[in-house]
Amino acid sequence: MGTISDITERKRSEDQVELLIGEVNHRAKNLLSVAQAVAFHTAREAAPADFVDTFNRRIASLATSHDLLSLSAWEGVNAADLAHSQLAHFGNLLGSRITFEGPPVGLKPAAAQAIGMALHELATNAAKYGALSTRDGSVHIAWSTNGAFRMSWIEAGGPPVTAPDKRGFGYKVMVEMATHQLDATVRLEYPASGLIWELIAPAAKTVENDQAARLDTIKCAC
Amino acid sequence: MRVLIAEDEWLIATVIERILIDAGLKVVGLTGSITDALRLTEEVDIDAAVLDANLGGVSAEPLAAAPSKRGVPYLVISGYADRQRSGLLAAAPFLGKPFAPHILVAAVQQLKA
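Chains Z and L, in that order, give the protein sequences.
Following the working numbering, the numbering of the first sequence begins with 13 at its first residue and continues without gaps.
Following the working numbering, the numbering of the second sequence begins with 108 at its first residue and continues without gaps.
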């Protein structure tokens with residue numbers, strides 16, 4: 013009797029391991045596909061001399077979000093952690109010229125990946141042309157959940173802003189990707205005072221809040 | 108050749124779009140939702156479809172029924188291993204992700220052959 017139960021138990025455990033290996037393989041391939049897509053889009057618009065640097069930064073940003081996903085066991089990445097980690101390279105500007113405001117919110121894996129990439133592009137843009145390209149500009153990042161998940165990035169005190177004349181990878185990530193993958197409404201405006209980005213997405217697509225959603229996530233996050 | 112793309116990862120969907128356009132094909136629909144894809148297969152004339160096996164965490168199998176019914180061939184793409192597909196998705200030509208552009212173009216062009 014004991015032997016049969018042992019065998020059943022072992023079979024179940026082997027099945028679980030096989031399922032897990034299959035899922036890990038799937039996630040690895042999906043991430044590779046995203047990396048490939050980032051390379052494809054970056055190569056189409058970056059000058060050849062800038063390609064490696066731009067591409068590496070984008071991959072590092074993806075990796076940062078995946079560290080947080082992994083730390084949270086794919087059960088919700090804290091919005092504050094996500095925002096801080098994507099801006100960590102600004103060092104002591106965090107908390108001074110770069111400020112954060114929002115409640116603890118656990119973001120679903122797909123939302124964390126998409127919003128993480130958007131924050132990276134916003135940060136890169138701000139450092140090159142916006143409020144973080146000067147000595148006194150500031151960025152305020154705020155989020156809330158009230159039915160929907162809302163996040164805003166507001167720059168001030170930088171050089172006078174004008175809208176870019178072409179839409180590149182940044183626009184694809186900051187606006188299109190969030191719109192399509194998170195059913196979000198995204199506002200990207202360029203008043204002279206500083207860039208404004210605001211994302212409003214249904215909580216069901218973005219916020220990890222109940223057991224059912226968590227189980228769903230474990231089954232497939234992509 | 109008019110192609111519908113159903114892929115929920117936007118960066119990948121736009122890569123597929125670009126590759127097919129560069130190969131001289133016409134992309135008549137680009138969506139990551141099963142509902143939108145089903146509507147598009149009803150409303151738009153398509154010659155072929157590229158379907159991600161898993162859209163937003165849901166199997167795209169219900170979606171495969173629509174082009175099948177109309178005799179529209181489709182290519183299934185997925186990060187899952189080939190043997191992890193079932194039903195209609197298992198019967199169609201398959202391309203594992205990630206893939207090289209020329210392999211995708213050849214696989215889509217073969218659908219019509």
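A hint or two may mislead.
[To be verified] Result set (DSSO-like, lysine-lysine): computed pairs, CA atoms no more than 27 Å apart in a straight line: (1) L:K219 with Z:K178; (2) Z:K184 with Z:K217; (3) L:K219 with L:K133; (4) Z:K184 with L:K133; (5) Z:K184 with Z:K41; (6) Z:K178 with Z:K140.
The set of hints was computed from the structure by calculation and includes no laboratory data.
TODO: If any of the earlier hints don't hold here, list their numbers in rising order.
DONE: 1
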